[in-house]
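Asker: What follows is the residue order along each chain.
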Amino acid sequence: MEAATARKIRVVVAKPGLDGHDRGAKIIARALRDAGMEVIYTGLHQTPEQIAETVIQEDADAVGLSILSGAHMTLVPRVVELLKEQGVDDVLITVGGTIPADDVPQLQELGVAAVFTPGAGTDEIVEFIRAGAQERHARD
Amino acid sequence: MAAKQSAERAGRAEREATFSTISGQSIEPLYGPEDGATDPATDIGRPGSYPFTRGPYESMYRGRLWTMRQFAGFGTVEETNERFHYLLGHGQTGLSVAFDMPTLMGYDSDHARSLGEVGREGVAVDSLDDMEQLFDGIPLGGVTTSMTVNAPAAILLAFYVLVGEKQGVPAEELGGTIQTDILKEYIAQKEWCFPIEPAMRLVTDMIEWCSQNMPRWHPVSISGYHIREAGSTAQQELAFTLKDGFTYVERALERGLDIDDFAPRLSFFFNAHIDFFEEIAKYRAARRIWAREMRETYGATREESMRLRFHAQTAGVSLTAQQPLNNVVRTSLEALSAVLGGTQSLHTNSFDEALALPTEEAVRVALRTQQIIAFESGASNTPDPLGGSWFVERLTDEMEQAAYEYFARIDELGGMVEAIRRDFPQREIADASFEYQRRVDERRQIVVGVNDFTLEDEPETPILRIDPALEGKQVDRLQTTRAGRDTASVEAALADLRRAAATDENLMPPIIEAARARATEGEMIAAMQEVFGTYTESPVF
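Protein chains in written order, with the working numbering: chain A, 1 to 140; chain B, 1001 to 1541.
To be clear, the hints were calculated from the coordinates, so they are not data collected in a lab.
Do not rely on the hints blindly, as some may be mistaken.
Selected chain B positions facing chain A (in silico; Cβ < 8 Å) [to be verified]:
id, residue
1, Pro1102
2, Ile1466
3, Ala1469
Label pairs and their in silico Cβ distance ranges [claimed, not checked]:
id, chain 1, residue 1, chain 2, residue 2, range
4, B, Gly1089, A, Asp123, 46 to 52 Å
5, B, Glu1197, A, Gln50, 23 to 29 Å
6, A, His137, B, Gly1472, 42 to 48 Å
7, A, Glu85, B, Gly1484, 48 to 54 Å
8, B, Asp1457, A, Val88, 34 to 40 Å
9, A, Ala101, B, Ala1041, 52 to 58 Å
10, B, Gly1091, A, Glu85, 22 to 28 Å
11, A, Ala35, B, Phe1375, 34 to 40 Å
12, A, Gln50, B, Glu1165, 37 to 43 Å
13, A, Ala101, B, Glu1165, 22 to 28 Å
14, A, Asp123, B, Tyr1086, 41 to 47 Å
15, A, Asp34, B, Arg1499, 23 to 29 Å
16, B, Glu1250, A, Asp34, 50 to 56 Å
17, A, Asp59, B, Gly1472, 35 to 41 Å
Away from chain B, derived, C-beta distances all over 12 Å, residues of chain A [stated by the list, open to error]:
id, residue
18, Arg7
19, Lys8
20, Asp19
21, Ile56
22, Ile93
23, Asp103
24, Ala113
25, Arg130
26, Glu135
The beta-carbon is built from N, C-alpha and C at its ideal position, and this holds for glycine as well.
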């Protein structure tokens, strides 16, 4: 149950690496904002270090990593690793983009809560993040 | 309007309240003679004559088919050279090179930012050594090559020229295209190395240098494909592309070039999206608008300067990961619309490309799609087969009108460069893409296999996997290049490039000399960034 003064869910939407395909990330950022969440869109060309720093500085409840360059198996584990190193282990991590089905189990084993592949509906993504972030709030 | 009322009177309600193209252009219940051009001779004309609505050439595909030019590249130059030979062996008639993200962004393969990215989205090219091997066994005098690269385009062109030189093919005999279209990078594709003004200077340098040294080469491919993939409407794709083109023309004229010396070598690149008739109207409107503006606004006198010629690629964004064989159908329809729209060159997507670069089998089917259209369907038997269709002529007129409305808005903002600084095209694209996604989410736009006609259990499709070991292999190649070159020559060449960048000299000659000395792409970009600076976007969503 949310308290009347519950703070907005804070989500970082990030573009790791050199990938410039930002259409999906921007749509999700806007949908999350329209759904009442506080959205920090990092913009393009973020290093894993920059993303981890943003997540921490912004006190994010969730981070969505958008990658369409095929570099996800290098970049996502690095972000997860950096967050763990800095003691951040309760941020909801989701991944979106051109992620082959074969790579999904590995990402989930790392701690990625969900991988949204092409065709995933916007509402489904927004609700997943809302539910996941609220769950983390409830645990506090 | 009258037709809908009479349909209702007859008790036949329509399936939708309104019908429109995928871009939102409303479609009438019926088109008739009143929708055709008022004066076909001047408004439509003949193929090969001003205003070129019906095509840039009189005979079109009766004289020569479009070039079948499949975009290809992955891993190192060895894997990509093999794919080039495969495609040429299966009947493609031109080459098209896809470079990896580090190459496109100006980073060498061993740069920290290249980690995990080498060879993933295209082929890794760090130096002239790589470029030589990329075209191993391919005489550059006997093929035309398109290279999709923008911010570092001058460097890749220098590499290509030097490969030709080594093969004994002088620059003036090399035919092909390099994309170079930096304005659409800031708008849509987002691959940049420098701020806008120095980047524009480089574009003008390339147009100038090629007009003097490479008469068979297209120094720029003014593109709408990426603008459309980012989520624009067809009207925005048309308007922003042409406006980018006008901007390059203006910069070249400001440089003192004669319009008829460079305009004939400007080329274009459009998306071939899924709304069949809208795309055909778009291409026809593009030709008519460009011809008119070249003659009336920019003073061109040669027909070659007014003639818009383009490459088309079927829409990547239309492909689905679900039921991938459906993508063969999508690509076929899109390819047919490009042919009926008079494209000069065509890439057809492979059915597996929603999730990966194409396998050999998938790209072969894509190539066969073009061959079936060319040799079996009859679509290439006469120019502009849909010319005179009341529907298509009206759509063409409406597309043209929409483009001019955008030109006016951009002019009000101070031109395209200023419009980009103020995020105008970026915001239009973000809004259009969000609106489209809403339509899909709400099932007002059906995407077969995704929000309707779905399959519970999707079978697995084998996809191309890039071997991670290729990154290490490329880094080794790079280290071999660095070890084998004369360090003093490289340093001197980079120093000269830095010096020239700070003047208004044409940068092609110093870039060629640095390339010849085996300076790497990353080193040349870094040298120019010392003078030009870099670019960071403030994104709008």
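Asker: Confirm or reject each hint.
Answerer: Cross-check of the supplied hints:
| no. | hint | verdict |
| --- | --- | --- |
| 1 | Pro1102 | 7 Å, holds |
| 2 | Ile1466 | 6 Å, holds |
| 3 | Ala1469 | 13 Å, violated |
| 4 | B:Gly1089 <-> A:Asp123: 46 to 52 Å | 47 Å, holds |
| 5 | B:Glu1197 <-> A:Gln50: 23 to 29 Å | 27 Å, holds |
| 6 | A:His137 <-> B:Gly1472: 42 to 48 Å | 44 Å, holds |
| 7 | A:Glu85 <-> B:Gly1484: 48 to 54 Å | 40 Å, violated |
| 8 | B:Asp1457 <-> A:Val88: 34 to 40 Å | 37 Å, holds |
| 9 | A:Ala101 <-> B:Ala1041: 52 to 58 Å | 57 Å, holds |
| 10 | B:Gly1091 <-> A:Glu85: 22 to 28 Å | 53 Å, violated |
| 11 | A:Ala35 <-> B:Phe1375: 34 to 40 Å | 52 Å, violated |
| 12 | A:Gln50 <-> B:Glu1165: 37 to 43 Å | 42 Å, holds |
| 13 | A:Ala101 <-> B:Glu1165: 22 to 28 Å | 46 Å, violated |
| 14 | A:Asp123 <-> B:Tyr1086: 41 to 47 Å | 43 Å, holds |
| 15 | A:Asp34 <-> B:Arg1499: 23 to 29 Å | 52 Å, violated |
| 16 | B:Glu1250 <-> A:Asp34: 50 to 56 Å | 39 Å, violated |
| 17 | A:Asp59 <-> B:Gly1472: 35 to 41 Å | 39 Å, holds |
| 18 | Arg7 | 22 Å, holds |
| 19 | Lys8 | 17 Å, holds |
| 20 | Asp19 | 7 Å, violated |
| 21 | Ile56 | 21 Å, holds |
| 22 | Ile93 | 18 Å, holds |
| 23 | Asp103 | 10 Å, violated |
| 24 | Ala113 | 20 Å, holds |
| 25 | Arg130 | 16 Å, holds |
| 26 | Glu135 | 24 Å, holds |
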